[in-house]
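2 protein chains.
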Amino acid sequence: MKTSAYHQAAAAVLAGDVRASARLMRMLDDRMPDAAEVLRLLYAHTGRAQVIGITGNPGSGKSTLTSRLIGQWRRQGKKVGVLAVDPSSPFSGGAILGDRIRMMEHASDPGVFIRSLATRGALGGLSRSTSDTVHVMDAMGCDVVLIETVGVGQDEIDIVRTAHTTVVVLVPGLGDDIQAIKAGILEIADIFVVNKADLDGADRTVGDLRGLQMLLSEMPPWIPPIVRTVAARGEGVEELVEQLGHHQQFLTTHDAAQERNLMRARFVVSNLVREGIGQRVDRWLGQTSDGQALVAAVAQRQLDPYTAADQAELRTAAA
Amino acid sequence: MKTSAYHQAAAAVLAGDVRASARLMRMLDDRMPDAAEVLRLLYAHTGRAQVIGITGNPGSGKSTLTSRLIGQWRRQGKKVGVLAVDPSSPFSGGAILGDRIRMMEHASDPGVFIRSLATRGALGGLSRSTSDTVHVMDAMGCDVVLIETVGVGQDEIDIVRTAHTTVVVLVPGLGDDIQAIKAGILEIADIFVVNKADLDGADRTVGDLRGLQMLLSEMPPWIPPIVRTVAARGEGVEELVEQLGHHQQFLTTHDAAQERNLMRARFVVSNLVREGIGQRVDRWLGQTSDGQALVAAVAQRQLDPYTAADQAELRTAAA
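Just so you know, the sequences run in chain order E and Y. Each residue of the first sequence is one higher than the last, beginning at 1 in the working numbering. Each residue of the second sequence is one higher than the last, beginning at 1 in the working numbering.
One chain only, chain E, in its complex shape (with noise of 0.2 Å):
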């Protein structure tokens, strides 16, 4: 591709042309160094699009919740980008989040752009991907990215990084191990949903998050707060939206606004590092005769596989 196709095909990403960006986005996912050549040029249109993680354990309803949020965000006349994530199918390449949303009703809505990921097996690899997507539907003219992810493990944490503002959904009635793993959302949602919130324990749930930000050692500037929903009904979606309107607003207004910005930049670019030395090493390690011998040395236990990497990433470190 020669320059001025890149031009090109920035001018209609930036057009809003939703066959473009759905292109750029396919050859981005296939890591077509031409699609890069795009994105460089795409990356200073960008920042614009207000960005949303929403993440939550399977059954917690988030997939009603973010066609409730789309609605929302329609009637205000809002242009929507979506961004399915599902990290639990790495293998079989399958994007049941997105599936399900795109048979849902704003499938057919112009103005709403959607898009599913899944993990390729590759280490890092979706965060890449998703930081990408995102940059796209920004250039491309959505006043919001919404990138929904199931769980709350380290992948989905990496996810949400790339948000502005992360909401974390949870349902009443959690078991020991759910209450486990809050410790660690506690320190990335910036607002908490407690979904079908007509259930029985509801009121327990807010009070043992609440109880939990007691627990803080220090008070942080932006406390998050606990909306309840009922999805299926679309109850507190309205809510949800101003809160969310809240957040942006802080995260202009605030000096903890400036930091988080950097933290996101510092881990894109580190994540664009990993990923790309990564690529070259699985390349070298798995097609290269040289490679193919040092793994076979390392699985003899000939060779450690500390002093196996240090080669490694000499023989493939950048020109």
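Treat each hint with caution, since some may be false.
Here chain Y is said to cover these stretches of chain E; the calculated rule only asks that three of the stretch's residues, wherever they fall, bring their Cβ under 8 Å from a Cβ of chain Y [claimed, not checked]:
| hint | region |
| --- | --- |
| 1 | 35-43 |
| 2 | 73-82 |
| 3 | 189-200 |
| 4 | 257-266 |
| 5 | 303-316 |
Away from chain Y, derived, C-beta distances all over 12 Å, residues of chain E [said to hold, decoys possible]:
| hint | residue |
| --- | --- |
| 6 | Gly111 |
| 7 | Arg204 |
| 8 | Gly245 |
Which chain E residues face chain Y? A few, computed with CB under 8 Å, are given here [unchecked claim]:
| hint | residue |
| --- | --- |
| 9 | Thr46 |
| 10 | Gly47 |
| 11 | Val241 |
| 12 | Ala293 |
| 13 | Ala296 |
| 14 | Val298 |
Don't read these hints as lab results, they were simulated from the structure. Note that beta-carbon positions come from the ideal geometry of N, C-alpha and C, so glycine has one too.
Following the hints, position chain Y against chain E.
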């Protein structure tokens, strides 16, 4: 530390010295270069332990099952290492699984060595800590090393890649979301356990798994057996140990094992490279003025992250 000290530390681990081994594991967790030197010496003496990964969603009863398995192995006179990995609390640094195991019956048994790990916010760091710890447990003479982790996301899959045999624990009565997850775990499980098999729906879960196995386009040389257990009462644990033995035997006799051995070595080396450069990049981006300036330029959208990543990699490349 001098070379003689490395040899001394390695000799203590090989003699099964618990304090020396625990000290080495802590040093490895802290990424002390001395510890890696000791590990280099130990590596040639590893490969004797059967390394078993056990994973499943919160509430599946993994911890109870783990405890029962330990009991069974101890009755057979085996020395057991248990590594509880908790990727769900990356910030708190807590290790809830390990605490739980420690409280159990085997905590005071000198033939059981228990260690817990939690992420420290470092991308890929957990996989490295896992394989390092497994190597030490193997070198100190554990006959079995059991890696227990929560969930079936990408993290967990990376963790279990360190194992020879992977056990996926399910429970009857799975919702839609969990069904979805199955697509991914089908490809990592060597043995399925349907725990709490006395509950309604156990037959259906077993049937669902069988159905999924039928969907595979070609029959693999090892078809994962489905073992029913009621861990709380110890039922089915003997059969599980038996199936673990069958899989170990399969690995020593079948060609597929050789391929798997290479895959594991490739994964460990690749992961060490990613983490090594990742740490250097994070340090450079976060702690040097050039790195901080680069991050600020990206945050202000004066520089795109792709160009920034290229620069960061060049500046932190291996000497």
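Checked hints:
1. Beta-carbon proximity to chain Y at under 8 Å applies to 4 residues in the region 35-43 of chain E; the threshold of 3 is reached and the given coverage holds.
2. Evaluation of the coverage hint for the region 73-82 of chain E: breached, as 0 residues show C-beta separations to chain Y shorter than 8 Å, against a requirement of three.
3. Residues of the region 189-200 of chain E lying with their CB closer than 8 Å to a CB of chain Y number 0, which falls below the three-residue condition for coverage.
4. Counting residues of the region 257-266 of chain E whose C-beta sits closer than 8 Å to any C-beta of chain Y gives 5, which meets the bar of three, so the coverage hint holds.
5. Counting residues of the region 303-316 of chain E whose beta carbon lies closer than 8 Å to any beta carbon of chain Y gives 11, which meets the minimum of three for the stated coverage.
6. The beta carbon of E/Gly111 is kept farther than 12 Å from every beta carbon of chain Y, the shortest such distance being approximately 25 Å.
7. Against chain Y, the non-interface label of E/Arg204 holds: every CB pair exceeds 12 Å, the least being about 18 Å.
8. For E/Gly245, the non-interface assignment is confirmed: its Cβ lies about 23 Å from the closest Cβ of chain Y, beyond the 12 Å cut-off.
9. Against a cut-off of 8 Å between C-beta atoms, the interface hint on E/Thr46 holds, since the closest Cβ of chain Y lies about 7 Å away.
10. The interface hint given for E/Gly47 is met, as the beta carbon of that residue sits about 5 Å from the closest beta carbon of chain Y, less than 8 Å.
11. Using the Cβ-Cβ criterion of 8 Å, the hint placing E/Val241 at the interface with chain Y is not satisfied: the shortest such distance is roughly 25 Å.
12. A least Cβ separation of about 11 Å between E/Ala293 and chain Y goes past the 8 Å threshold, and the interface hint is therefore violated.
13. This hint holds: E/Ala296 has a C-beta 7 Å from the nearest C-beta of chain Y, less than the 8 Å allowed.
14. Hint on E/Val298 holds. Least Cβ distance to chain Y is approximately 4 Å, under the 8 Å limit.
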